[in-house]
Amino acid sequence: MDTVVDVVPLDRHGMARRLAADIPEGWVVNLGIGIPTLVSDHVPAEREVIFQAENGVIGVGPAPPPAEEDPWLINAGKQMVTLRPGGSFVSQSDSFALIRGGHLDLCVLGAFEVAENGDIANWAISSNEKAPAVGGAMDLAAGAKRLWVIMEHTTKDGRPRLVKRCSYPLTALGVVSRVYTNLAVLDVTPEGFAVRDMIPGMTLEALQARTEAKLRPAA
Amino acid sequence: MDTVVDVVPLDRHGMARRLAADIPEGWVVNLGIGIPTLVSDHVPAEREVIFQAENGVIGVGPAPPPAEEDPWLINAGKQMVTLRPGGSFVSQSDSFALIRGGHLDLCVLGAFEVAENGDIANWAISSNEKAPAVGGAMDLAAGAKRLWVIMEHTTKDGRPRLVKRCSYPLTALGVVSRVYTNLAVLDVTPEGFAVRDMIPGMTLEALQARTEAKLRPAA
Amino acid sequence: MIDKFVASALEAVADVRDGATVLIGGFGQVGTPNHLIEALCERGLRDLTVVSNNAGTGAHGLARLMAEGRVRKVICSYPRSRGSVVLEELYREGRIELEVVPQGTMAERMRAAGAGIPAFWTPTAAGTQLGEGKEVRAFGGRACVLEHALKGDVALIEAWEADRWGNLTYRMSGRNFNPVMAMAADLTIVQTQHRVALGELDPERIVTPGVFVDRVVHIPYGKPRLW
Amino acid sequence: MIDKFVASALEAVADVRDGATVLIGGFGQVGTPNHLIEALCERGLRDLTVVSNNAGTGAHGLARLMAEGRVRKVICSYPRSRGSVVLEELYREGRIELEVVPQGTMAERMRAAGAGIPAFWTPTAAGTQLGEGKEVRAFGGRACVLEHALKGDVALIEAWEADRWGNLTYRMSGRNFNPVMAMAADLTIVQTQHRVALGELDPERIVTPGVFVDRVVHIPYGKPRLW
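Residue numbers (the numbering used here), protein chains in the order written: chain F, 1 to 219; chain S, 1 to 219; chain B, 1 to 227; chain D, 1 to 227.
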């Protein structure tokens, strides 16, 4: 692998900020656990985006100050949250009707791998040691109008996560439309990954060296 | 057909009163249009029976006095009604989830014909002149825990309505458990119609003469 | 700032197209988006498919839409209401298609469309005329028919209260088909009796979250005229 | 007079049987019928199948029920919560069956049970491990799997308010699985934080009509303990 000098990969908040910049006002958005949850912190308060949590909270607001914490009001990650004016509560079945019925403009999930055909693997490692836990990942991935993945470009030991075919168990097939990594933003197109933009100093060649799937510049 | 002397068939209210006597407190009941609608008038106010209307009214009360009529509150027959304390409003989809999910203890419908195997025909005559209208009849007939039919024992020109096989288009198959007529109350059993009781002066022979299907006394 | 209010019923329906499938809320005359239907009449469209529990009474609303020749097909459960002469006449003359669907199946087919269920099995109508031609399968020994999601291009809805996010409440039996139709169309247009500020509606009392709503017109119509 | 209130949680669960399928509401620790679960533990039953989004934390509630060997099988979407050590251990030792179901499919399967739908098609899980062995069919070019209704013998529910007819409201995210489970079981048992007089609940604000409820116990438990 070649060395890219003077390139500073985005940290978790940097990735979340980059993705948040692309969410327009008015979208209904579900954020997965982990880095995706950080995205809402980077949407300016004056830009109205409606965040939805699987457990039936529509219009999730920021985390409350300690004095205003209410354990009756949690998100799908079981963290205490607030409700924006205009927010509402629905049951789990109505919440997933919303999710599965194509009413989310966007879902943002983390992933182990994304394949060039849009497959996503984010729910299980292949080992059978631990009880598998899927939560709402498969419903979200199959149901949202758009699925954007936010993840490190490679694993800690440098193995690519943008692959030709996923090696981990799949969450859903052919559903990812865009990937935000610590190095770049890539669209999933019928011809595979297309690089929309890269962090300063990164080159297509250096990015390709960190990617299993074939990359091409966006049209 | 033999003649039965001194027999006075029940009128519509008499039939409704007879059926109402068999509804225990606590049941959730849907009443069809026509004679079935009269049944609620004959349930004593102190016996709490929860009447449900397809258009999402749970806990339908009696018709309002003219001064208290509210056109926002109608039943499935589009008549103005009242709501009992404890009543609630749901959507048509939730209302039919209730109906189709087996949560009605009883549905009372009128019918053209009931067959000895429990088939009911109550929604269409065979002619193709008029636009057919089914409303909620098929959902109610298929979905309620119990379906009781209330109807005249014969047509105006004396043709039996309790038949071996229905000649009119079916509403649902094998679902009627009891029939209340102006002459008798009959259970639908695996062996066909069993007569529970008859109006004063009526005999099994005379009733049989007015019935196409074979009758037997209830066990 | 999200603001789904538009100035008029005409503006709200301005981009409905020829051939569209239009879901129309209401049961009887209660909860019916009468001003939106009249606005749709003004558009002079062709070949609409209308999904509505009833098929119009008198000469207004859906009856007018049909009388003016805008409707190719009606999907409903109960076309035969007091004063539903327009449909009866068009039907008798073979000038309109009619698909009669059991009321619960109709509601469930729209709920399925809204919830991402392409098809489901139900015992309702199995073995009857209305089940003819449908795929049949037994579950637990009981015959069921396969029913498909019924999705609208447009839904016309009447609400009691609405805020600028499109959160809705309904009034009494005015709720009926409105919530399920709101979630079953690509474009959901609401006429509301009352316009309220964002945050004014109790979050526990909102029946249709604004997520399902695209446009709202404030039309303080008043009491429904029952017949 | 209809009065669904019973005196105690123990009385409420007195006739739950060995081998029963028990739906347990709650998401995380919010809206969880903790007192009813403890009462169920006291019954000393065998071979229960439990349907619950999470699989218990710490040593109370569902974790206790499993630890005491009452549960043959768990159907859930997310068994791996903070402190869910009991299930992990039983699972590793092969002493409990685990059926992992996508959360939305789990909710929809119970809604189907409550709504009289024996089975439905969904794209969720098609082509994945969790779709293996299921019937597959394409709708509109998209692969779907056939999912079956998931019905409970018993549902344990937590509500915020209840009246003697069993009408229920919920509090904020305490709503979660409770309304759908309430309609999906033959016997629905509720623990409620508040007991109110009949007619006190706004008919527009009732979330679960009493029609779906069999028994109610008044347990003013207070705030959920998150972990």
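Please note that the accuracy of each hint is not assured.
What the hints assert, rightly or not - Dumping the calculated SDA-like pairs for lysine to any residue here, alpha-carbon to alpha-carbon at most 20 Å:
{"no.": "1", "chain 1": "F", "residue 1": "Lys130", "chain 2": "D", "residue 2": "Lys73"}
{"no.": "2", "chain 1": "F", "residue 1": "Lys145", "chain 2": "D", "residue 2": "Lys73"}
{"no.": "3", "chain 1": "F", "residue 1": "Lys156", "chain 2": "F", "residue 2": "Pro85"}
Unchecked claim - Pair ranges (Cβ atoms, derived):
{"no.": "4", "chain 1": "B", "residue 1": "Arg95", "chain 2": "F", "residue 2": "Ala21", "range": "48 to 56 Å"}
{"no.": "5", "chain 1": "F", "residue 1": "Lys145", "chain 2": "D", "residue 2": "Ala143", "range": "15 to 23 Å"}
{"no.": "6", "chain 1": "D", "residue 1": "Arg205", "chain 2": "S", "residue 2": "Asp11", "range": "51 to 59 Å"}
{"no.": "7", "chain 1": "D", "residue 1": "Arg205", "chain 2": "B", "residue 2": "Glu88", "range": "49 to 57 Å"}
{"no.": "8", "chain 1": "S", "residue 1": "Arg47", "chain 2": "D", "residue 2": "Asp15", "range": "23 to 31 Å"}
{"no.": "9", "chain 1": "F", "residue 1": "Pro62", "chain 2": "D", "residue 2": "Arg95", "range": "18 to 26 Å"}
These are computed hints drawn from the structure, not numbers from a lab. Note that the structure is a prediction, hence the values are computed from the model and not measured. Ideal placement from N, C-alpha and C gives every residue a C-beta, glycine not left out.
Verification of the supplied hints:
1. Taking the CA atoms of Lys130(F) and Lys73(D), the gap is about 16 Å. The hint holds against a cut of 20 Å.
2. Proposed proximity of Lys145(F) and Lys73(D) is contradicted: the alpha carbons are some 35 Å apart, above 20 Å.
3. Between Lys156(F) and Pro85(F) the alpha-carbon distance is near 41 Å, which puts this suggested pair outside the 20 Å criterion.
4. Judged by the Cβ atoms, the range 48 to 56 Å given for Arg95(B) and Ala21(F) holds: they are separated by roughly 55 Å.
5. In this structure, Lys145(F) and Ala143(D) meet the distance hint of 15 to 23 Å, their C-beta atoms being roughly 19 Å apart.
6. The supplied range of 51 to 59 Å is broken by Arg205(D) and Asp11(S), whose beta-carbon atoms lie about 42 Å from each other.
7. Taking the beta carbon of each, Arg205(D) and Glu88(B) are about 40 Å apart, not inside 49 to 57 Å as hinted.
8. Between Arg47(S) and Asp15(D), the C-beta spacing of about 26 Å keeps the proposed range 23 to 31 Å intact.
9. About 43 Å separates the C-beta atoms of Pro62(F) and Arg95(D), a value inconsistent with the hinted range of 18 to 26 Å.
Checked against the numbered hints listed earlier, the structure breaks hints 2, 3, 6, 7 and 9; every other hint is satisfied.
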